[in-house]
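Asker: Quick mapping for you: the protein sequence lines, in order, are chains F, W and S. Taking this note's numbering, the leading residue of the first sequence gets 1, the next gets one more, and so forth. Taking this note's numbering, the leading residue of the second sequence gets 1001, the next gets one more, and so forth. Taking this note's numbering, the leading residue of the third sequence gets 2001, the next gets one more, and so forth.
It is possible that part of the hints are untrue.
[As the list claims (entries may be wrong)] Distance ranges between label pairs, derived from CB positions:
{"no.": "1", "chain 1": "S", "residue 1": "Gln-2169", "chain 2": "W", "residue 2": "Val-1420", "range": "32 to 38 angstroms"}
{"no.": "2", "chain 1": "S", "residue 1": "Gln-2169", "chain 2": "W", "residue 2": "Asp-1316", "range": "41 to 47 angstroms"}
{"no.": "3", "chain 1": "S", "residue 1": "Ala-2269", "chain 2": "F", "residue 2": "Ile-72", "range": "53 to 59 angstroms"}
{"no.": "4", "chain 1": "S", "residue 1": "Asp-2266", "chain 2": "F", "residue 2": "Arg-643", "range": "49 to 55 angstroms"}
{"no.": "5", "chain 1": "S", "residue 1": "Pro-2243", "chain 2": "F", "residue 2": "Lys-635", "range": "49 to 55 angstroms"}
{"no.": "6", "chain 1": "S", "residue 1": "Asp-2102", "chain 2": "F", "residue 2": "Gly-299", "range": "24 to 30 angstroms"}
Note that these hints are calculated values from the structure, not bench results. On a predicted model such as this, the values are computed, not experimentally measured, just so you know. All residues carry an ideal CB built from backbone N, CA and C; glycine is no exception.
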Amino acid sequence: MIENGFDETTSHSAKPQSEGQAAGYNRRDFLKTLGWGGTAVALSGCGNTSIENGKETVVSYVEPTDYQIPSIGVYYNSTCAQCDAGCNIMGRVREGRVLKLEGNPNSPVNRGKLCGLGQAGVQAHYNPDRVRQPLLKGEAITWDKALGLIAEKLNGVKGEEVAFLTGTMSGHVRALLGNYMDALGSKNHFVYEAVSPAVERAANKKMYGVSMPRYRIDKAKVVLSFGADFLGAWISPVNFSQQYAQFRKGSRPEGRGVLVQIEPKMSLTGANADRWIAARPGTEGMLALALINALGTAGLSIPTDVTAVVKDYTPERVSLDTGVSFEQINRLAKLLKERSPSLILAGGAAEGYAHGTQNAMAIALLNHVLGNVGKTVEAAAGVPFPQIAPIPGSRSALTALGNGLASGKYKVVFTYGANPVYSAPAVSKFSENFSKAGFKVAFAQYLDETALAADLVLPLDSAMEEWATEVPEYMAAPEGNVGYAQLSVRQPLMGRLYPDTRGAGDILLALLKQRKADEYKGFEDFYAYLQSAIMKNKAALGGADCADDKFWNDTLGSAILPLKGVAGSISAKPAIAGFALPAPVTADASYPLRLIPSISHSMRDGRNANEPWLQESPDPMTTIVWDSWVEIHPKTAAQLGIREGDIVEVTSKSGSIKSQAYLFPGIHPDAVSVPMGYGHQAMGRYAKGVGANVFAMLDPVYDKETGELAYHETSVKISKTGERIIIVKEEGPARGSQVGRKKIAVKVSADKVDLSKEV
Amino acid sequence: MGKDIREDIAWAQINNDVLKSLENPRKLYWVILFAAMLVFSVGVGCEIYQYNVGLGAANMDNPHMWGLYIATFIFWIGMSHSGTLLSAILHLMHADWRKPIYRFAEAMTTFSLMTAGLFVMVHLGRLWQFYYAVPYPSERWTWPNFQSPLLWDAMAIFTYLSSSVIFLYIGSIPDFAIARDNIHPGWRKKLYSILALGWEGTDRQWRNFRVTYLTVACFLIPLAVSVHSIVASDFAMSQQPGWHVTSFPPYFVAGALYSGCAAIITLFIILRYVFKFEEYMTLPILKKTVRLTFAIAMVWTYLNCIEFTATWYSHDQVAKDVLIQKATGPYAPFFWGMIFCGSVVPFAMMVKKWQTSIPVMFAVSLLLNVGMWLERWMIVAPTYSHGYYPWTWDHNQWPSLIQWGIVFGSFGWFTLLFMVFCKIVPSVSMYEVKEMVYHRSLAKKKEELGLEGGH
Amino acid sequence: MSVSNLLQNWSTFRHEHPINDKPHAEIKWAMTIDLDTCIGCNACSVACYAENNLPVVGKEKYAHGQSMHWIRIERYWGETEVKEEYDPNSNFDMVQQDFQADQGAQFLPMLCQQCEAAPCETVCPVGATNHTEDGLNSQIYNRCIGSRYCSANCPFKVRYFNWWNYPEQENAWPEPLPLQLNPDLTVRTKGVMEKCTFCKQRTYTARNNARSEGRPVHDGDVQTACQQSCPTNAISFGNLVDPEARVAKQWEQQQVDLAKEKQEKDEKADNKLRGYRILEELRPYPSIMYLERVRESAV
Ligand SMILES: Nc1nc2c(c(=O)[nH]1)N[C@H]1C(S)=C(S)[C@@H](COP(=O)(O)OP(=O)(O)OC[C@H]3O[C@@H](n4cnc5c(=O)[nH]c(N)nc54)[C@H](O)[C@@H]3O)O[C@H]1N2
Ligand SMILES: Nc1nc2c(c(=O)[nH]1)N[C@H]1C(S)=C(S)[C@@H](COP(=O)(O)OP(=O)(O)OC[C@H]3O[C@@H](n4cnc5c(=O)[nH]c(N)nc54)[C@H](O)[C@@H]3O)O[C@H]1N2
Ligand code: SF4
Ligand code: SF4
Ligand code: SF4
Ligand code: SF4
Ligand code: SF4
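Extracted from the complex, chain F is given alone in its bound form (with noise of 0.2 angstroms):
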């Protein structure tokens, strides 16, 4: 499956595998010298003018360090940390520091392949803007001050007046976080993601009898998707671009795939799309039943409870209701019945809504309907380690905690990998509700928003320094594997840059030994907490016949665990008893334009924004660099009078901003698009004052089962400012038309070609 593997250059052993001949070294040593010795050495890698300058130290070939060969580069493994989805990553590692982060090809998830994102993870590690000392109101104080702080602060501070709040978490540091919890007496651990596929889950557990089942894209002949951006930044993308393409291999037993996308704003998805088609915001569970329907008409037998919802969504109606034609309604339908078996999925786009659980059960009907579920939804197994076990994110998280802040209920607050100071919808008031807390301590790797208004804040290693674990939320598998799972490990591939900067399982384990000494103190550091946690499962984790040392360096060398997953059971019943579907709101008059805040596939809720290579990689649709924008479709922008480069505030009813109006057809006429991760406030000198912030004026609208925010209920209206710029963008005046040269970008039809016997 996996093509062009670096094979040579992989390690599957505790031996890292040089460029040139492969050299034994042993690990631990490594480790000694990068891992705790190595801040010297990480610092001595030449610069780009450091030999002949002279300023710093050569590797000397005399007296050989090993692991540093000069001119030789070695490849360690580690996860990363870039996304929840947890690819596998090597690390090429010269002169003791990290150049170049490559896929792991041996992952199940990646399979030796890497987003531009994940790439960019070296950047978040040498970032110029990094926190280097734990900092008091912004003043430079000593761990051990810090530390002794945070001690006082929870002296006589009740379980309940202390809340964590962190991102997505998995693994021996969350397992580390839940006993720290215990040990507080609290229960108020919020696990807030910005972006995440809450609604997804919801509606998977009650259609499947699972959250996040596998999707087999690879398997499917048809692809339909509702939004789902899987190409772009749904749930694990790496793992979704590598099926795809064998999706789309001719060579194939099901022969080439056909992806029809329906989603108002297109996506990078939608690009790739055969089909691409914009109905209606907030009518996709609508086509799906209305699609069901026409496949009875088309003689598929449908299960009478399912006619029964759906018998109202008659394709004549929702044509209507949707603006997708009858034709194409019933040109879809006769694809998925001829095509079988298919693939239907439900992404953000289409859940954004009051009802956006509803929507996503009746995209998952029509899994059931066409007899998919089994085949191209599969279960996935769970992790046997229930603490381990990844607790996703959710926005609803956010809204707990910032009811409790809004109280003065907690007097202390932690924060771990999350921005709610910059994500939170400004009329949910957060940051003022969290200045309302006594005490704020904020994990940071940058002086985000949220580190900015926090007391203390603790600066924490990059991805390339801690020690970690982490178990993907999306447990892809190897072929042939169904009950698969793993555990993925993070691992120093180099010393630390700043010797004050700590992991947050090492954070955490001090802590920890502020409440339970006597427990904790045989861990001198979160390394002896991880190894000896993994020791003492190494027979649950398959390592029943091996020495100890060759476990543990077998376990870093390949940086994946596999785990022998729980078996998970989908079911072949939905749960549809009382679902409906409401009908189609109609434009509020003043805000007549529905907002859609998209997620760009780098720059994602805005985490890594600070990293230039990111911010200097043109977004793919409109190729614009450097700022966010606004999208209009040419038809509505000539209504409006606007052209691109017109500077348009979009206003809602909670907010609004300013931004760059450019003019793109692939949207919904009714819509505006703004993408997510811009207009930061603080960050670091790439991320600040970049763009404008699409959160902060969102409406407080909520889906009505899980209460996440319906990103897409938000209206809007758009009016020119007067300003007019020229788009900072890599597409020139031609807009990426061929004009005349037919022979660039070149398209064919499926039947034109034969695809049957490429190589």
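Start from chain F and add chains W and S with the ligands according to the hints.
Answerer: Only chains W and S with the ligands this time, still in chain F's reference frame:
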């Protein structure tokens, strides 16, 4: 119409008048000199800045890799052609009227070549490594790429420059001798004794002189034609739409002669005024020059038409697009400016009265030069904006002030060189003016005696 | 240093046309990019930044067209009909109305095509851009004097000039970002032309390793950075001379001949092939074959 050169002008007076121009500069001279220095130093300042920060300071980009520097380079190369034309060609054709004006025209050639050379340097991203383009033996056996028209260019210009300097120098030897003999003692006298190479005006010297001068002139004519053809090759040998034009070499040569002639008119008028050369730089000479210029203007216009129609009727859509874009896109004002200045303004030279009107001809000649500069810009820039690859089209590029500053500065440099030259080398050829006067008086005498013909 | 030296030098320095010449006895690096699987994700471009020390130029310089991405992802729209007559100089402000989005967009990664008869090479006055015996258009930074003629003559406009001194004066890598730089190649300074090298440092290492092991380079020994990261394996890269190489198989199967400027596919109307090279008719003999994007008409 003003008078032609008087046939009864005394030879001593010729010496006097011309040598006077070498001494005691008028106020106006200093004003021009200092203004030129000022303008030049603006250019130097811009270049220092550009050298320090990189060529980004010129606001060029991808795809606009070449800009005003190359355009102005061609402009100055073009300008250099008039000297040779007037001097060498007219010399071979025995056109008498060239005599009072060829010296400064030759100087113009030399100095505009030197100015053009500057632009080659200014244009380079790493000007400190310019010598890589010179074919010098190296222990690494690395040679420049003899296939590159840019290299031919460099060689052609160097050859042309050295030949022009030699031609200028040879032609001036008898005058240096006059200067040596007539000027007050001092450093100048010493200088002229060296420059005169012991010229005594013996028969043998004159015979050798004439042969040498004729030979160099013969050598220079094809050279001049080839230089601008080679500059044309920079474009025609490339593959780019709008550049890959088969008629470019003659088109460039015509353009060069055209701009050179226009510049001669301009300088003619300036010198005539500044050095009070009304006696020598007479209006009939101006008239002849103007007529010549007009003829060349028409050749140039014709070649323009050829280029446009060939492109228009060809099936080369890409080249056609570039042409359309030039004529109607963001460059349109400059394109039509070029057409106006280059093909419409010259019709003013058809008007008999204006042919000898100093103010009108001054204005016209300046406009012609503007037109010819625009022509070069319109050759270089639009192809970049609208090349083969639509994705990289970019119609929004505009040169930075640094780029304009250096272009501006080059005029200062040229003027500076020229002004200094006028104080060192007699800018009117004394011995040839004497020849001219002699022939004329001979003819007059014959007329008086009722004899047929003249010379 | 004699004239015969010069001439001898010269003829080895400058290969003849690829059809007449036999420069690729062992290796001819080539690439295939499948536009049907390329999803336009930019991972390749970021990989190239990481591998090849490309500076981030910032918004202002990007606006001035001074970006340095050796591989750029172009995004094309479907057009109502490809118009024969169009207005090439309207500012295209409003022409999007003609763009059709219902079959998605298409992406095209554009990098140096490593032309066999490279228009950029012939014009370089100092021979700083050159052809290598393994079929690459090489770029010698030290030799380049920055005349930019090469870029002028490149039909694809994939050569990037260092308009500024990015490493020092422009502070493109503030501390400690320089620690990321790949020591296998240089950081270029102002006045130098640069472009995709097919990750020369990687092919070079692979060849050296193979040589020291006394074997030919095998397919898969080397991946370019862009190929390696590409999540959909849209890029294949390898030795066209090696019949076992995937690239060679793809070229053969698509009947694309390196030395021709018009392929089987264009000759016949009802071909079933989708391999093509861009601007092939200009005869630069590009070393990158693209595979046409496919769209299902049944929906
Ligand atoms: N750059 C460059 N310049 C050169 C030369 C060179 O090799 N390269 N060679 C020199 C020589 S030897 C010559 S003979 C001249 C040739 O000079 P040109 O005669 O100008 O030569 P071409 O460019 O071959 O043709 C001119 C145009 O005619 C178009 N054309 C082709 N068929 C037809 C037709 O049926 N009708 C019409 N209306 N147009 C048609 C072509 O597309 C082309 O754009 O160029 C000289 N100059
Ligand atoms: N497809 C197509 N074919 C064409 C044309 C076209 O437009 N399209 N145009 C046609 C026309 S108009 C022409 S003129 C011909 C040109 O065709 P050719 O006459 O073949 O022209 P060149 O390619 O210039 O090749 C001349 C050769 O002479 C060599 N050479 C240069 N100087 C000298 C010298 O002093 N002595 C000797 N012995 N050799 C020298 C050069 O190195 C070169 O190898 O092409 C014709 N063929
Ligand atoms: S998808 Fe996420 S985890 Fe995977 S490489 Fe990209 S950023 Fe890293
Ligand atoms: S694509 Fe351009 S830069 Fe690359 S070899 Fe061809 S002409 Fe040269
Ligand atoms: S910019 Fe460099 S490589 Fe390009 S033509 Fe000039 S010297 Fe040669
Ligand atoms: S082959 Fe290497 S140098 Fe070329 S674009 Fe890909 S990564 Fe960059
Ligand atoms: S990484 Fe692959 S899929 Fe992504 S843009 Fe590059 S070639 Fe296309």
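Asker: Each hint needs a verdict: does it hold in this structure or not?
Answerer: Hints and how they fare:
no. : hint                                        : in the structure
1   : Gln-2169/S - Val-1420/W: 32 to 38 angstroms : holds, 37 angstroms
2   : Gln-2169/S - Asp-1316/W: 41 to 47 angstroms : holds, 43 angstroms
3   : Ala-2269/S - Ile-72/F: 53 to 59 angstroms   : holds, 55 angstroms
4   : Asp-2266/S - Arg-643/F: 49 to 55 angstroms  : violated, 39 angstroms
5   : Pro-2243/S - Lys-635/F: 49 to 55 angstroms  : holds, 53 angstroms
6   : Asp-2102/S - Gly-299/F: 24 to 30 angstroms  : holds, 27 angstroms
Figure legend: structure checked against the earlier numbered hints; the only hint not met is number 4.
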